[in-house]
Amino acid sequence: MFYDIKKLNELEKELSENLMKADSKVYEKEFKQFWINYRSDVPKCLMAIREYKSLLEQLERQNDSKTN
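First residue of the sequence shown: 1, per the numbering used here; consecutive thereafter.
For the record, the hints were derived by calculation from the structure and aren't laboratory data. Given the structure is predicted, the values throughout are model-derived calculations rather than measurements. Hints may be right or wrong, so weigh each one.
When the alpha-carbon atoms are kept at most 20 Å apart in a straight line, the in silico SDA-like pairs for lysine to any residue are as follows [to be verified]:
no., residue 1, residue 2
1, K29, K13
2, K44, I5
3, K7, K66
4, K7, I49
5, K66, R50
6, K13, S65
Model the full structure from these sequences, guided by the hints.
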């Protein structure tokens, strides 16, 4: 489980870059379904990562405000 926002940022950046690179690729017919799945699944993963990261940031702010 990721509890480190820095690691989530790195993962988000890597997935985003890979997704942008995939946009310009043309695949053989036999790989088309894999590409379609990739283009569908990666944005969903990015959305989940960003939402989870936001929740962790909120939790950190709450913990910081309790300790101050």
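Okay, the hints, checked on the actual structure:
Taking the CA atoms of K29 and K13, the gap is near 29 Å; set against the 20 Å cutoff, the hint is violated. Distance restraint check for K44 and I5: the Cα-Cα separation of roughly 18 Å lies within the 20 Å cut-off, and the hinted pair is therefore satisfied. Simply put, K7 and K66 have alpha-carbon atoms about 25 Å apart, too far for the 20 Å limit, and the pair is violated. Annotation: proposed proximity of K7 to I49 holds, straight-line Cα distance about 10 Å (limit 20 Å).
Distance restraint check for K66 and R50: the Cα-Cα separation of roughly 24 Å exceeds the 20 Å cut-off, and the hinted pair is therefore not satisfied. In summary, the hint linking K13 to S65 is not supported, as the alpha carbons are separated by about 29 Å, beyond the 20 Å threshold.
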